[in-house]
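Undergrad: Below, each chain spelled out in residue letters.
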Amino acid sequence: MSKSVVIVGASMGGLRAAEALRNNGFEGQITVIGEEIHAPYNRPPLSKEVLAKEVTHDAVAFKLRTQVEDVIWHLGDPATSVDLETQVVKTNSGKTFEYDGLVIASGLRPRVLNLPNGKLPGRHTVRTLDDAIGLRADLVPGAKVVVAGAGFIGCEVAATARGLGCEVTNVAIDSFPMIRPLGETLAAELQRRHESHGVHFRLGHGIRDLAGTDSFTGVILDDGELLEATVLVEAISSHCNIEWLANTNLDISNGVLTDSALRAITTDGDPVNAVYVVGDLARFANPLFDDEPRRIEHWNIPTETGKRVGAVLSAYLSQADNFAELAALPFTPLPTFWSDQYDMKIQGFGMPGLANRYELVAGELTDELVMAYFRNDILIGVVGIGMTAEVMKYRKQLLST
Amino acid sequence: MITIDVDMDKCQHYGQCVFEAPDIFKLNDNDKLEFVATADDIRRGDVESAVDVCPMQAISIVE
Ligand SMILES: Cc1cc2nc3c(=O)[nH]c(=O)nc-3n(C[C@H](O)[C@H](O)[C@H](O)COP(=O)(O)OP(=O)(O)OC[C@H]3O[C@@H](n4cnc5c(N)ncnc54)[C@H](O)[C@@H]3O)c2cc1C
Ligand code: SF4
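Residue numbers (numbering that gives the first Met the number 0), protein chains in the order written: chain A, 0 to 400; chain B, 0 to 62.
It is worth saying that the hints were derived from the structure and are not from the lab. Any given hint could be a false lead.
Stated by the list, open to error - So, partial list: chain A residues that the calculated Cβ filter (under 7 Å) puts toward chain B:
(1) T302
(2) W337
(3) T387
(4) A388
To be verified - Far from chain A by the CB rule (all over 10 Å, computed), these chain B residues:
(5) I1
(6) T2
(7) D22
(8) I23
(9) E47
(10) V50
Quantities reported herein were computed from a predicted structural model and do not represent experimental measurements. Glycine included, C-beta positions come from ideal geometry on N, C-alpha and C.
The shape of chain B in the complex, shown without the other chains (with noise of 0.2 Å):
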């Protein structure tokens, strides 16, 4: 399992990570980000592709 963080002080909720990784993040009704904090091992090439496009660099996969 990998687990994932995001500082919600950095995020600003643009949601590009959401689609990179839908079923791990998602912007709620209100425009708001919500993650699942923890996924699968296969899901890492994923999850490093939503760090990777997340403009406020804000999230990090926790080792």
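Next comes chain A alone, as it looks inside the complex (with noise of 0.2 Å):
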């Protein structure tokens, strides 16, 4: 009998795992189950242009290639759990579904604030689609819009909500806005582009409640401030959607722990041949930096994890000779990143949170310019804004250290 995949989590990384494995030659089933309705969309533009334009599921919808044209979809039904002994996955609806190999893309999704009068509507999360609709349709011209949180997503609606025309206020824990990838220099510049911009920020506090009583009318920080406002957008951090693994014995204690094939580990830290693990919540070691498991949130890991994961759950369906090799392969995604905030292209390569020193090489701190990140002296991250051609002799550095 033929065998048959079934991949939980229907975004990019269950996309690219998909046809990487129709481009390693597997010819068996291949269904990918989804909690959302609809087929797998790109999420960067939902901070970013698309939502100052329109959001549409056509806009940002990934092409499926004629490779993937006979998977099977199955949306709006989310995995609830899974049997690895018996290799079936069940669903909310009470389906279930037979695996040979399966493949654990399920993802993020947004932690919000726990606020005692937190039921008002004006609450927004930019996680997917409809949250993306849901909030383009409160940023209108004039709206006082606060956004939690300082990462690149919060920095990123901050920008965009000014470009629409709203008054915003960015309030987070952090002393400078992205400071942890950028480090305090760039974080301190990029504050006050922001804030030439227009953007307050409220830094170092944290938010204790909402006023108002039947509509939302502010936010109450940490220390009594309050912030006059009718839209809340929550960009603090991330819980992973690991619920569905609860009952087994893969080691779920941050994302789902990998080996360098991406096989699942259980916490007895044995590789399970045949569960694999893509995007988000891959928590695997690369040897381009150390022997330190993280998981990588960033845009580039889908794909690379759902080519590795094609090739080496490919081979193990088909029971190749050359299995054992193919999995004991380093793998080493050099992580990729970037950002459009008001006019600037921020783009970085490798890890440049772990650095203990950093340097601008190229530019200027006000201008166009590139940061190189280095721990120990050994270069390990880059960040540019603007400068692309000077990011990349840097990017060709990381990649030969």
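With the hints as a guide, bring both chains together as one complex.
TA: What follows is the structure, given as structure tokens:
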């Protein structure tokens, strides 16, 4: 009988895994189970150019290639459990799906603030298309918007909302926006640029509650300050969508731990040959940096992990002689990220967040620039604003160290 | 032959495509994207990789 693969999560990671299985010659059935009703779409525009225009599925949908024409999309019905012994996934509607190979691609969802008066309308997160459609409707000119969280997504939403004519205050417990990946010098400069575009900051602060009775009229900070607002966007951090794996013996302490073949690892430390992880959930060690397993929430990771899983899992399912050899190959994807804020094209490679020293290596701090990041004098990341050609020189160096 | 199209309204000249197929995509001296519009069929894999890595999803293969 021909083998079958079940992929849980119908987003970028799930789609790339399906494509890669086909590209590696797997001919059995592929079923993708998705919680959202939408076919896979691209998330980054949801906080950027698409949020600034009209948010539609067409504007962000991934083009489905001919290789994946015969994939079965079971959408709008999340997986609720899996039995790794009998190899069966169960969904919310009670359907069951048997598999020979399982791909975990269920990603993240936003964490929301725990607010006593939190039931009032006007709260938003930005992860899904439906989230972005809802937020877009509230970003009308003159609207008073509070963005909680000063990571990339929070800062992008702040910039986009300013562009739409909203009044924007960013509240975050960090000392500078985007400080964790970028370091203080660049983060402080980016704060200055946001302020020059009219964004207000309340840094070093949390949100205690919402003010208002029927509709919300403001946000109350931890020091008691009341910020008048009718829209709150929460971009503070994320939860891993791993509840459906709760009854397994996989190591789900932070995402799903994997080996270099992206096989899920049990709490006893054994890789499971039939179970793989892609995208934001995969926690793997990257020999480009060190042997510490980490999850990487960047857009190139679903593609890189999807390709790797396609190659290894198809070899496993066809009982290829080279399976063990393939699975043992090192996996060294270069984390790649970018962010558009106002007219700035921010682009980064590597893990600048791990650096203990950084240096402006090209351009001017107040203009286009390249910042190189070092850990113990070894180049570990690079971030540029504009200056693509210069950034690429450092990217090349990162790949050769 | 395959035909390649880049939506220049979407392209932000990030240059990710260049790594996948440097003979087809390149950034010129002004950091702007230039590309060759046709490629041999055997290059489909490389062009598909370029499609995959484009952050703006601006590249398509015209079927
Ligand atoms: C607004 C926004 C902007 C971003 N911008 C950038 C950027 O500029 N640059 C960058 O590098 N990265 C960016 N990212 C990150 C990037 O989009 C993610 O890294 C990528 O989407 C991860 O893909 P994934 O397939 O692993 O997970 P996801 O895209 O989270 O997909 C997981 C899917 O699984 C579904 N699911 C969850 N639980 C279940 C279940 N039990 N059963 C079935 N399905 C389930 C979910 O509904 C979801 O559709 C951004 C993310 C967001 C949200
Ligand atoms: S990767 Fe996409 S956005 Fe970047 S230069 Fe190529 S086509 Fe343009």
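Undergrad: Evaluate each hint against the coordinates.
TA: Evaluated hints:
1. Taken as an interface hint, A:T302 checks out: its beta carbon lies about 5 Å from the nearest beta carbon of chain B, inside 7 Å.
2. Given the 7 Å rule on beta carbons, the hint for A:W337 holds: about 5 Å separates it from the nearest Cβ of chain B.
3. Taken as an interface hint, A:T387 checks out: its beta carbon lies about 5 Å from the nearest beta carbon of chain B, inside 7 Å.
4. The interface hint given for A:A388 holds, since its Cβ lies 6 Å from the closest Cβ of chain B, which is under the 7 Å cut-off.
5. For B:I1, the shortest C-beta to C-beta distance to chain A comes to about 13 Å, beyond the 10 Å cut-off, and the non-interface label holds.
6. Distance to chain A confirms B:T2 as a non-interface residue, since its nearest Cβ pair spans about 15 Å, more than 10 Å.
7. The claim that B:D22 lies off the interface holds: its Cβ sits roughly 16 Å from the closest Cβ of chain A, which is beyond the 10 Å cut-off.
8. Once the 10 Å rule is applied to beta carbons, B:I23 is consistent with being away from chain A; the minimum gap is 17 Å.
9. For B:E47, the condition that its CB be more than 10 Å from all CB atoms of chain A is violated, with the nearest at approximately 7 Å.
10. Against chain A, the non-interface label of B:V50 is violated: not every CB pair exceeds 10 Å, the least being about 8 Å.
The structure does not agree with the numbered hints 9 and 10 stated previously, though it agrees with the rest.
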